[in-house]
Amino acid sequence: MSICMAGIDWKNANMDKREAFSFTSGQVGRLCSRIRQMDGVEGCVLLSTCNRTELYLSGAERLQPAEILCQVAKTEGAEALFCVRTGDNAARHLMRVACGLCSQILGEDQIVSQVKRAYAIAHEVQCTDAVLSQLFRLAATAGKRSRTQVRLSAAPLSAAGQAVAMIEDAGDLNGKRALVIGNGEMGRLASQLLVARGCDVTVTLRTYRHGQTVVPSGCKTIPYDARMDILGKCDILLSATTSPHYTVTYADMEQLERIPAVICDLSMPRDIDPKIRDMDAVQVFLDMDSMGGHDAHVDADDRRQVEDIIEEEMAELARWIAYRDALPLMDELCWLAAERIAEGYDFAVLSDGEDAQTIEKMENAARLAAEKTARLLLSGLQGELSDGALAACREAILRKAPQLRDRRTME
1 MSICMAGIDW KNANMDKREA FSFTSGQVGR LCSRIRQMDG VEGCVLLSTC NRTELYLSGA
61 ERLQPAEILC QVAKTEGAEA LFCVRTGDNA ARHLMRVACG LCSQILGEDQ IVSQVKRAYA
121 IAHEVQCTDA VLSQLFRLAA TAGKRSRTQV RLSAAPLSAA GQAVAMIEDA GDLNGKRALV
181 IGNGEMGRLA SQLLVARGCD VTVTLRTYRH GQTVVPSGCK TIPYDARMDI LGKCDILLSA
241 TTSPHYTVTY ADMEQLERIP AVICDLSMPR DIDPKIRDMD AVQVFLDMDS MGGHDAHVDA
301 DDRRQVEDII EEEMAELARW IAYRDALPLM DELCWLAAER IAEGYDFAVL SDGEDAQTIE
361 KMENAARLAA EKTARLLLSG LQGELSDGAL AACREAILRK APQLRDRRTM E
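Going left to right, the sequence shown walks through residues 1 to 411 as my numbering numbers them.
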């Protein structure tokens, strides 16, 4: 069984092209279910974030992940946008993604949880298999280790942090009024950072449930439908939702007497009509393509430490795959050992005149004990024995008991 992946990200496609491959959690689950039913697919996980969409598959060698993703996204002909990787290259890429080495903001904090969430969605709709489960588990481990053992950057480690830093570069934020549309993880973080810099922040809420809705400390709230009522009084507009439609359109802005000078869209697909960028009153317009992309500040030794962590987890994956691939041969060895033991003794003599039923029980018990012992020994040697060593053991047994060569097939 092989692993392959196809991905599109901020490095090889701008937002106009990436938007066609941006999916909500619900869409991800439905697409995984469709893909899992395709011929040759044993497992699939679809990772969709603001800056990347990647499809991971396990199954037949002939799988074409780019074609499959374009097919389910109804964007045939876009295969050339994707980078396709197979085998160790695909596995190592996922680990580098989980460690933040492939992020637009190098070492970003959110990517590990996004990788874990992608796997969880696929698992919930029963689209994962043992191979992808192990790969994503080890990738998450690599990501967590890289964050606890290495600090890649002193710069902001999230899109929200980078956005607020870039907004601050445009002018002092103390006393400025900001409207943040969206109270998800990205919106809450951006709101907290703006408040910390002295902004008067209002956050939109679609619903409010006492004790369940988390509102960033120091922020006012308004219903989402009332957003345009205060937008004309704000200096900054930041939108970060999962809405499939614009939260602010060009027509909305045209109706305002005063347009915010700073506008930031932290969503994929876009929240804010990109034509607003060209309005005369807009001084700063930021979107996901504006974030990061530079890692000259990263220490080479720190990067090397993360790469070393990845190679350690890759070695663990290789051991697991080798053990998994050896299981059929190990099963055969255990069976051969049991049969060799059973045939090596005359249980009628050993039973000292017991009846046939007792003799049969003794023989079966010997088989079971021999098989369990062999399995314990082989399991303890996981990753230490090559396929060649196991095959040599099998041939050694069969030389001593050639009558067993065809019996397992017959059974």
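Hints may be right or wrong, so weigh each one.
In silico EDC-like cross-links for lysine to aspartate or glutamate, where the CA-CA straight-line distance does not exceed 16 Å [as the list claims (entries may be wrong)]:
#1 Lys-233 / Glu-185
#2 Lys-144 / Asp-200
#3 Lys-220 / Asp-252
#4 Lys-275 / Asp-109
#5 Lys-144 / Asp-302
#6 Lys-11 / Glu-76
#7 Lys-372 / Asp-308
#8 Lys-372 / Asp-325
#9 Lys-144 / Glu-254
#10 Lys-372 / Glu-307
#11 Lys-11 / Asp-289
#12 Lys-116 / Asp-88
#13 Lys-144 / Asp-16
#14 Lys-144 / Glu-311
#15 Lys-116 / Asp-129
#16 Lys-74 / Asp-129
#17 Lys-275 / Glu-254
#18 Lys-275 / Glu-307
#19 Lys-17 / Asp-109
#20 Lys-275 / Asp-302
#21 Lys-275 / Asp-308
#22 Lys-17 / Asp-289
#23 Lys-144 / Asp-252
Listed next, with one range per pair, are the computed distances between beta-carbon atoms [unchecked claim]:
#24 Glu-185 / Arg-324: 34 to 42 Å
#25 Pro-244 / Ala-318: 21 to 29 Å
#26 Lys-11 / Glu-76: 35 to 43 Å
#27 Arg-177 / Arg-62: 56 to 64 Å
#28 Gln-64 / Asp-325: 33 to 41 Å
I should point out that these hints are in silico values taken from the structure, not numbers from a laboratory.
Just so you know, even glycine gets a beta-carbon here, dropped at the ideal spot from N, CA and C.
Here is how each hint holds up against the structure:
no.: 1; hint: Lys-233 / Glu-185; verdict: 25 Å, violated
no.: 2; hint: Lys-144 / Asp-200; verdict: 35 Å, violated
no.: 3; hint: Lys-220 / Asp-252; verdict: 22 Å, violated
no.: 4; hint: Lys-275 / Asp-109; verdict: 31 Å, violated
no.: 5; hint: Lys-144 / Asp-302; verdict: 15 Å, holds
no.: 6; hint: Lys-11 / Glu-76; verdict: 21 Å, violated
no.: 7; hint: Lys-372 / Asp-308; verdict: 38 Å, violated
no.: 8; hint: Lys-372 / Asp-325; verdict: 20 Å, violated
no.: 9; hint: Lys-144 / Glu-254; verdict: 46 Å, violated
no.: 10; hint: Lys-372 / Glu-307; verdict: 40 Å, violated
no.: 11; hint: Lys-11 / Asp-289; verdict: 10 Å, holds
no.: 12; hint: Lys-116 / Asp-88; verdict: 20 Å, violated
no.: 13; hint: Lys-144 / Asp-16; verdict: 32 Å, violated
no.: 14; hint: Lys-144 / Glu-311; verdict: 14 Å, holds
no.: 15; hint: Lys-116 / Asp-129; verdict: 15 Å, holds
no.: 16; hint: Lys-74 / Asp-129; verdict: 26 Å, violated
no.: 17; hint: Lys-275 / Glu-254; verdict: 11 Å, holds
no.: 18; hint: Lys-275 / Glu-307; verdict: 41 Å, violated
no.: 19; hint: Lys-17 / Asp-109; verdict: 25 Å, violated
no.: 20; hint: Lys-275 / Asp-302; verdict: 41 Å, violated
no.: 21; hint: Lys-275 / Asp-308; verdict: 45 Å, violated
no.: 22; hint: Lys-17 / Asp-289; verdict: 12 Å, holds
no.: 23; hint: Lys-144 / Asp-252; verdict: 43 Å, violated
no.: 24; hint: Glu-185 / Arg-324: 34 to 42 Å; verdict: 36 Å, holds
no.: 25; hint: Pro-244 / Ala-318: 21 to 29 Å; verdict: 41 Å, violated
no.: 26; hint: Lys-11 / Glu-76: 35 to 43 Å; verdict: 23 Å, violated
no.: 27; hint: Arg-177 / Arg-62: 56 to 64 Å; verdict: 57 Å, holds
no.: 28; hint: Gln-64 / Asp-325: 33 to 41 Å; verdict: 24 Å, violated
Against the hints set out earlier in the document, violations occur for numbers 1, 2, 3, 4, 6, 7, 8, 9, 10, 12, 13, 16, 18, 19, 20, 21, 23, 25, 26, 28.
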